[in-house]
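**Q** Top to bottom, those sequences are chains A and B.
Residue numbers for the first sequence follow the numbering used here, beginning at 986 and rising by one.
Residue numbers for the second sequence follow the numbering used here, beginning at 61 and rising by one.
Quick caveat, the hints were computed from the structure, so don't treat them as lab data.
Careful, some of the hints might be misleading.
[What the hints assert, rightly or not] Partner residues are not named here, just some residues of chain B that face chain A (Cβ under 10 Å, in silico):
(1) Val-255
(2) Val-373
(3) Ala-374
Quick reminder that beta carbons are idealized off the backbone N, C-alpha and C, glycines included.
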Amino acid sequence: MNGSVSRSQLVRGGRGSVVPAVELRTYYDQPVIKQPVWTWEIPWYFFIGGLSGASAVLTGVVSASGHRRLARAARRVSTAALVPSPVLLIMDLGRPERFHHMLRVVRPTSPMSVGSWTLFAFSGAQAGATLLAELDRLPRLRALADLAAAALGSVMTTYTAVLFSDTAVPVWHEARRELPFVFAAGAAASAGAATMLVAGDAGGPARRLAIGGAVAELAAVEAMHRRLGELDEPYELADAARYARAAKWLTTAGAVVTGVGGRSRALRAVGAGMILGAALCERWAVYRAGFISARDPKYTVGPQRSRIDRQRRATGTA
Amino acid sequence: MTASAKRSTAAPGYRDAHERMGFFTDTTVCIGCKACEVACKEWNLIPSSDTAMTGNSYDNTGGLGADTWRHVAFIEQRVPEITAMGVSGVFTGERVARPGSTAAGSAPAPPVGGEPVDLARIGGDGFAGDQTVDRDSIDFTRTGEDGLVVPIGSSADAQLRWLMSSDVCKHCTTAACLDVCPTGSLFKTEFATVVVQPDICNGCGYCVPACPYGVLDRREDDGRVWKCTLCYDRLRDGQEPACAKACPTDSINFGPHADMLAMARERLDEVVDAGYAGAQLYGDGPSGGVDGAGSLFLLLDEPEVYGLPPDPVAPSKQLRSMWRAAAAASGALVAGVAMALLGGRR
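Using the sequences and the accompanying hints, generate a full structural model.
**A** Put into structure tokens, the structure is as follows:
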């Protein structure tokens, strides 16, 4: 095996096995689908892209309600997280010099095409809003740019979930209803945490967003694991398990520390760091579990075979 | 218009309508010569791959990938073992009724052979010791529960069948790889085949995990994704693909998809009549996961035995519900942010 999962962990019929009773038949245990070829840039982008998008949503809502200091902090967070985003995406390409091919067609059937165009437009709106805000010019145009960035930012936080779900990777595709909520909640929590750090005394709403986002993240992740059922096993294996555990503990502890230590700047920083780390770990957990579920044919063959058997039983043509 | 006629038309968007073209791979006559693999590599100028012994029978290519567009699978099966697993339709030599009729009666499994043999009794070189053990009766690849080698008792029990199958891109009607491609590099040709344009592909890698059959992969030193083109260049010159041309047993057939479908169904009847009740067509379904494949297969066992997904679904078929979930999550995010503000500035 070329990964960190040993065969012994994947004994058929074991706890959480997809097909417990019948021996699953495979071709020399070779994978049926291909593992993704993506590398570390992708989970990092999912994290900072989500952070940037959710911060833009925060900026839009906050500036519309007139909290100028908080809006400025959130806008700065969003822009800072946005800058490395396209760099990471381009680095991950097999042919980085052809990155502009992403913009030669608009393909609504491709979440990556939708995402590329969203990131492109979001970058424009965010750059314009930041420029006007920092120069303190043309407030109406700035408000318009903030609004556009907020709308596009909300897409930035969830399109990545559609991108993962629209693959044959079992733990991604089968979690398609919950994954957008996992990513949106993590993005909300991290946007709140980062903005709270930058905004200082004005960060009250950001702190509430960080805590609320963390709680929502715990709930969404739990819902995802429940949906996956027996197929949840990859989240209990190897590095995916470590990331998932770390994410859970960091989210919980981060929410508690942020909630309790509101007056202390140091405690706030610790809590914010935990919440940011949790969102990053959660993306790594999802990313790695996808690889594990793609590598072992039982996660592909098992559910498909059960589906066929169910259909045969239903139509009585066993 | 019948479903089959509809599927036989070429891809939409072409002024000159052309019939849908495709493969029919009849695995029952495959002899595992790998001429298809070699011809494919030669014609398409595919770089050589690492040749390592996999230990999986004669299969040393492993599976389809960037540098393997035809892949011959080798499956060795002992008839008593697979029968004991409850696998239906193993060749028994007896004629069986067609599936669907009531009198389906395949013969029961012959019993698994004699008593386990203690290897220590056989001697250092394997056969010099206890001469009462006939070397031809020993199956060194299989041990009983106690770890002892199981001898094969009689010729009936020694039945071994060897399944060979040349796998290839399925050229799906609903192709997930094409749906997710963000650059337009993947496209559907006038023959309704699915092809990657190497001058457009930027190696984003999205098609790689999107394919429910695991066909596409990225070439590491090249950075782009490669797969079977169904010899698009040859087709445009009225030639058959290199693999079909090279196949010495006509296991790989090529022609209009409708003809391939008819040929496959006719051959299935023959094979089932001959006693292979487990024979089945793969990729012929008009509905289902990929809305029918351009590459049809006649298999003698379940698809997963050959490394094929038993019920593949193009993930992009669920795209609408995925975006709905994403829209709901984005809406919840905006609502959540607004609620965080309700508590005031501090």
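**Q** With reference to the structure, classify each hint as holding or not holding.
**A** Verification of the hints:
no., hint, verdict
1, Val-255, "violated, 16 Å"
2, Val-373, "holds, 8 Å"
3, Ala-374, "holds, 8 Å"
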